[in-house]
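So the protein sequences, as listed, match chains G and X.
When we follow this note's numbering, the leftmost residue of the first sequence carries the number 1, and every step to the right adds one.
When we follow this note's numbering, the leftmost residue of the second sequence carries the number 1, and every step to the right adds one.
Note that these hints are calculated values from the structure, not bench results.
Worth double-checking, as some hints may not be accurate.
Quick list of in silico lysine-lysine cross-link-like pairs, DSS-like style, CA-CA up to 30 Å [stated by the list, open to error]: (1) X/LYS77 with X/LYS172; (2) G/LYS2 with X/LYS172; (3) G/LYS75 with X/LYS77; (4) G/LYS2 with G/LYS63; (5) G/LYS19 with G/LYS75.
A few chain G residues facing chain X, derived, Cβ under 10 Å [stated by the list, open to error]: (6) MET1; (7) ARG87; (8) ASN90; (9) ASP91; (10) ILE107; (11) ARG110.
Every residue gets a Cβ at the ideal spot worked out from N, C-alpha and C, and that includes glycine.
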Amino acid sequence: MKYLCLIYDDEQVMDAMSKSEGEAFMGEYFAFTEGIRQSGHYVAGEALQPVASATTIRIRNGKVSTTDGPFAETKEQLGGFYLIEARDLNDAIQVASRIPSVRTGSIEVRPVVDFSQQQPSS
Amino acid sequence: MTAAGEDAAGRARETVDAVYRAESRRVLATLIRLLDGDFDLAEEALHEAFAAALQRWPADGVPARPRAWLVSAGRFKAIDAIRRRARFDARLADVAEHLRAAASDPAETDEDGVEDDRLRLVFTCCHPALAPDARIALTLREVCGLTTEAIARAFLTSPPTLAQRIVRAKAKIRDARIPYQVPQRADLPERLDAVLHVVYLVFNEGYSASSGAALTRADLSAEAIRLGRLLVELLPEPEAAGLLALMLLHESRRAARTTADGELALLDEQDRSLWNRAQIAEGCALVERALRSRRFGPYTLQAAIAAVHAEAATAVETDWAQIVGLYDVLLRADPSPVVELNRAAALAMRDGPAAGLARVDALLARGELADYHLAHSARADLLRRLGHTAEARAAYGRALALARQEPERRFLERRLRELRG
């Protein structure tokens, strides 16, 4: 089963890191990604540009509106994601709890809908 | 049917009822595992299995292993149900076939496996990924077998709200695929904490209802103690024993907590001859066992404090020095302002009300307990003992403004009247 791990961090805290702190943090990410590639959990993963680069688009009454910034202003911003393959939620939580940002921000774990498989109960 | 036949049929029906009371949760726990974590299908299968037992046992006799019979019957009812649905969805045919193939494995219903299933059920219902309210509702519904109506009544909420909570929790178990498992050793401490917390909340809701007229709701406490026994029986963890001890030692005072006319009696005013000695003996033995393990935590320490109270023949004979010492250890293990407040009250008994009052005032100045009625009533009590009547009255008044439970309110009003007179 696939789970999307959404990585939320406070960009100000990230920006305040010294060069060496930032490099060490990135090093942890590289090691983590390599680890979940080897364990077979990795499906995809990307880091995002800061929210300052975000654009939000809506169509209301047929009219397109384009606004600067993210959909919601929050203290922590979506900074990246991993799409993982896990046995169940416990397995997914195990993986997510090793994402480096779990110690500075938070990780939201969301199961992905699988349209090719129907559960017996549904 | 002959009279003898009718007798036999009646006895079989009674047996089905008795088996239902004793075994239905075990059968459900196993069916959920056999049906791949599908709670709803398992519940449906459970009811059909008991319906089949009511039909068959009076005629065929009670089977030698009723539980295994029910699990097997439930599984085949579920396979039938999936087959019926498979007519509309061809993919389900494979699921049904898989279940039928697995049905011949006798290891699936052996004694150890069944006990593991009950633990799986507890850990799944108390999974930290579920909302805290939902964990309590689901545990009482699935593990204890309480009806939705009974749980709603106990928690002063409406049955539809509670049913909705349970439906959402089951949907999350299914959609996020929360596994039907006992956690691995590395995760056990954190996951066990979540389970113990649910049990403790159920007990507290039964022991001191958070609002309303009735001071206690004995049924919920009894369920919590049953859950606690189940955990102690299934898991050799000291904190599980500590929690069971804590609940038994509190429960032992139930009859003494309210006077004949329904008024609240504090620990030092209670008629100790009303304390339940059997529960105290069991609780004290469990505390000793947990303390010896050296892997104990906050529940065991609170139980140890309750045990010191329980062992004192009268309030004045209480070993306050030991209680203060235990609070010191508890504060290091689990710092909280409420524990600090309790320590201050114990300190007042050991070193006099002025020493306790200094601690309570310092604690209130920090602000965390400013709206906690028991902090103000503790302060009022110390002021009263020091003879500061006007200040004591003001503090009792503050406590009264914050208290929500009727017997507690009446107790505070009584104290206020005594200070006026």
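Against the structure, the hints come out as follows:
no. : hint                  : verdict
1   : X/LYS77 with X/LYS172 : holds, 25 Å
2   : G/LYS2 with X/LYS172  : holds, 15 Å
3   : G/LYS75 with X/LYS77  : violated, 52 Å
4   : G/LYS2 with G/LYS63   : violated, 35 Å
5   : G/LYS19 with G/LYS75  : holds, 23 Å
6   : MET1                  : holds, 5 Å
7   : ARG87                 : holds, 7 Å
8   : ASN90                 : holds, 5 Å
9   : ASP91                 : holds, 8 Å
10  : ILE107                : violated, 13 Å
11  : ARG110                : holds, 8 Å
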